[in-house]
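Chemist: Sequence:
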Amino acid sequence: MPLVAAAVCPHPPLIVPELAGAAAPELDDLRAAADAAVARLLAAEPEAILLVGGGPETVRFNAADWGSLRGFGLDRPVRLWKTSCSGGDRLPLSLTVGAWLLNRSGTELPRLARSVAHDATPAECAAFGASLIDDDDPRVALLVLGDGSACRGVTAPGYDDPRAPAYDEGVAVALAGADTAALRDLDPVLSAQLRVAGRAPWQVLAGAVEAAGGDWRGELGYHRAPYGVAYFVANWERV
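Numbered per our numbering, the sequence shown spans residues 2 to 240.
The reader is advised that the hints may include incorrect statements.
[Stated by the list, open to error] Think about it this way: if two alpha-carbon atoms lie no more than 25 Å apart in a straight line, the pair counts; the simulated SDA-like pairs of lysine to any residue are:
1) K83 - S106
2) K83 - G72
3) K83 - D135
4) K83 - A45
5) K83 - D138
6) K83 - I16
7) K83 - P139
8) K83 - N104
9) K83 - T108
10) K83 - F73
Keep in mind the hints are simulated off the structure, nothing from the lab. Remember, it's a predicted structure, so these values are computed and weren't measured experimentally.
Work out the full structure: start from the sequences and follow the hints.
Modeler: Have a look at this one:
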């Protein structure tokens, strides 16, 4: 089957050191974990990388499209892959940070990107994931972007919610165990209440892996909640 590996990373703008400024060292461990996850993804020897992240709607992007962090104070385009006049400033934040991570790795592999609507149902996400990769495609690796709850403490963007730690722990266990059923079971209503940005992309991952078949193993490389937002870094590989 063409799906050879997957990695999960978060997409906080502050992972980009130029945006974090003097606070950049506070996320050094997250950057290191994300870099390691991308390197492990590339070690599976894919022939192309497919980025999946949340966005306002479900969209297929062109290889020449790019994203911008201008709204966060960095006026510099982040290219997905090729530079071409046919591209546009279209990538949502999740895919912009994903493209930044890939560009940081130095890989020149072809890459494509898809956003999934934040409010897509679990069934829609799973079906979308199952449709991403055909048997005739080249060897593809998925880079899935998504944050956990934003309600971990009174200084969190969504303030404090006592349901958040248990939710995030469930996601961590599912990612560590490559548990597609647990990801598919994430409640979209609770996820929205906890301001989770990764629910839909994780369910797309579940659908893609289930459609690919075979046995998979997971490894969780990072699970913390700096700034009151839960971030996960994980790798999934075929057994």
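Chemist: Hints first: check each against the structure and report whether it holds.
Modeler: Against the structure, the hints come out as follows:
Proposed proximity of K83 and S106 is supported: the alpha carbons are some 16 Å apart, at most 25 Å. Restraint check: the Cα-Cα separation between K83 and G72 comes to about 23 Å, which is no more than 25 Å; the hinted pair holds. Between K83 and D135 the alpha-carbon distance is near 23 Å, which keeps this suggested pair within the 25 Å criterion. Restraint check for K83 and A45: satisfied, since their Cα atoms lie roughly 23 Å apart, inside the 25 Å limit.
Pair hint K83 plus D138 holds up; C-alpha atoms about 20 Å apart against a cutoff of 25 Å. Restraint check for K83 and I16: satisfied, since their Cα atoms lie roughly 23 Å apart, inside the 25 Å limit. Our distance criterion of 25 Å between C-alpha atoms is met by K83 and P139, whose separation comes to about 18 Å. A hinted pair counts as satisfied when its Cα atoms are at most 25 Å apart, and K83 with N104 qualifies at roughly 11 Å.
Restraint check: the Cα-Cα separation between K83 and T108 comes to about 12 Å, which is no more than 25 Å; the hinted pair holds. A threshold of 25 Å between alpha carbons decides the hint, and for K83 with F73 the separation of about 24 Å falls inside it, so the pair holds.
Hint check: no violations occur; every hint is consistent with the structure.
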